[in-house]
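Number of protein chains: 2
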Amino acid sequence: MIGKLSLNQATTKYWTVEQAVDGCVRAGIGAIGLWREPVAETGLDAAVRLVRDAGLRVSSYCRGGFLTGPDEAATLDDNRRAIDEAAALGAPCLVMVVGGLPPGERDIVAVRKRMAQRVGLLAPYAQEWGVRLALEPLHPMYCADRAVLSTLRQALDIAERFPVDAVGVVVDAYHVWWDPEVHDQIARAGERIASFQVCDWILPLAEDALLSRGMMGDGHVDFRALGRSVAAAGYDGDVEVEIFNADIWAADGDDVLATMVQRYREHVAPVEVG
Amino acid sequence: MIGKLSLNQATTKYWTVEQAVDGCVRAGIGAIGLWREPVAETGLDAAVRLVRDAGLRVSSYCRGGFLTGPDEAATLDDNRRAIDEAAALGAPCLVMVVGGLPPGERDIVAVRKRMAQRVGLLAPYAQEWGVRLALEPLHPMYCADRAVLSTLRQALDIAERFPVDAVGVVVDAYHVWWDPEVHDQIARAGERIASFQVCDWILPLAEDALLSRGMMGDGHVDFRALGRSVAAAGYDGDVEVEIFNADIWAADGDDVLATMVQRYREHVAPVEVG
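Heads up: the sequence lines are chains D and C, in that order.
Here the first sequence is numbered in the numbering used here, starting from 4 and rising by one per residue.
Here the second sequence is numbered in the numbering used here, starting from 4 and rising by one per residue.
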């Protein structure tokens, strides 16, 4: 087992849950971050059995959120189902990508207020089921279309309104590495840190900006510095590698995991948390 | 004259200084933001005469910066020459794009310290020549390769170490619209605001991320809200339209200025500063 390393399923997008679980076992990776779509394809009960039988930890469940649109009832209902699934899988947290500006809306202050209110409407349900809502600030590049939650400071300003076991934050190196406040805000976060994810900022940006992420060591992110701060803040959970990248998706899954393990040891493990 | 509207020369990239000055006069635009490269092509003295004879205000000079690289002496020398040119042109400020991470460097904290120190080495010279260094936070999308200065808070933390007439900040809507703190930091900035620039955040991102900017009204930015805050902070300078966009560059310059005037009136002018 390679310490706290976890495979986020998005890194091997074309693997089923079964393939990803088997791949982790072959590579000696002890944890996995699961996504709703492949879990639905496998079937929730089957997915639960697969990870349990393999003895894997489920480090996170991806993802809930998209809270900013006009249909509040449907949004909340969908998120409650995601919480149910996360609870069944034994995931400690549901990663929340909060959503961007709805079409035609430019009043970002109002959209952010609405988003925070809806986090509040979900928090008691999440707490009851033992699944933390993990608010994920996304890189400001995605503010208009993916997440109006843009910094750790902003995420913590919201999370701190709720019990610590109900709402936490994700520290994703890709999204926060540029933030002049990142180390201060990680220290502030403390036990609010629900997930630590790593992948690298590489240039030029991919034609689809969503797929611009790179393997650790291929880009500009100082993982050692971020890892030190996350560990100093008391986080001892898993470290997920989550890479959206068409070239990595096209590569052989076992090769990707082997590279991931090597790069994790080289760039992240010296400051391994936990 | 259309109030405080200014054409930043980058919007009409293929126009010479003479063409841009003439275009402003034809369109009734009273101010222009000049760039070093076209000014060098025209010749500094000729450029000074052109803007003076046309009765235009020079709203800014673009640009200095790129302070993060290994050759400090050459960097400072080049910036001093830019200050000289800005003074000759009567520009109130030199826009500073501070530079990204030098090749191979991942310690962004150290690079940012170096950048701030070099601002300090230039500030007395700028003050002496009556040209404010206008620190421009760039969108975090450009942090690795263009500017490790990413937020207004960070820019003000540096600017406030120096006299207010030596170092100010640029509020560029494109770069700061996503920031949850933007209105608070604009209020904090007060008379530190050296320049207010507008253009829109449009999606999808262009293949060259530098050219992703759009005409006001084509994207997601709430210019009215930003303009209100900038005016409330006491800024009464010009409002520059600065758009890097291949389609706009390919269009007829007079048409671009006509659209710019119309969009300025529609989206920005109701909260016009000054």
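Keep in mind that a hint or two might mislead.
For identical chains, the list gives no copy identity; a pair is met inside one copy or between any two copies.
What the hints assert, rightly or not - Derived pair list, reagent style SDA-like, types lysine to any residue, alpha-carbon separation capped at 25 Å:
#1 K116 / G93
#2 K116 / A236
#3 K116 / G222
#4 K116 / S232
#5 K116 / A90
#6 K16 / A57
#7 K16 / W132
#8 K116 / E44
These are computed hints drawn from the structure, not numbers from a lab.
Everything numeric in this text was worked out from a predicted model, so none of it was measured.
Quick rundown of the hints versus the structure:
For the identical chains of this complex, K116 and G93 are neighbours neither inside a copy (31 Å) nor across copies (44 Å), given an alpha-carbon limit of 25 Å. Taking the shortest Cα distances, K116 and A236 sit within 25 Å of each other only across copies (24 Å), while inside one copy they are farther apart (28 Å). Proximity of K116 to G222 under the C-alpha cut-off of 25 Å is restricted to the inter-copy arrangement: shortest distance 21 Å between copies versus 34 Å within a copy. Taking the closest pair of Cα atoms, K116 and S232 come within 25 Å of each other only across two copies (19 Å); inside a single copy the shortest separation is 29 Å, beyond that limit.
For the identical chains of this complex, K116 and A90 are neighbours neither inside a copy (28 Å) nor across copies (45 Å), given an alpha-carbon limit of 25 Å. In the homo-oligomer, the alpha carbons of K16 and A57 lie at most 25 Å apart inside one protomer (20 Å), although the nearest pairing across protomers, at 60 Å, exceeds that limit. For the identical chains of this complex, K16 and W132 are neighbours neither inside a copy (28 Å) nor across copies (58 Å), given an alpha-carbon limit of 25 Å. Taking the shortest alpha-carbon separations for K116 and E44, neither the intra-copy value of 34 Å nor the inter-copy value of 50 Å comes in at or below 25 Å.
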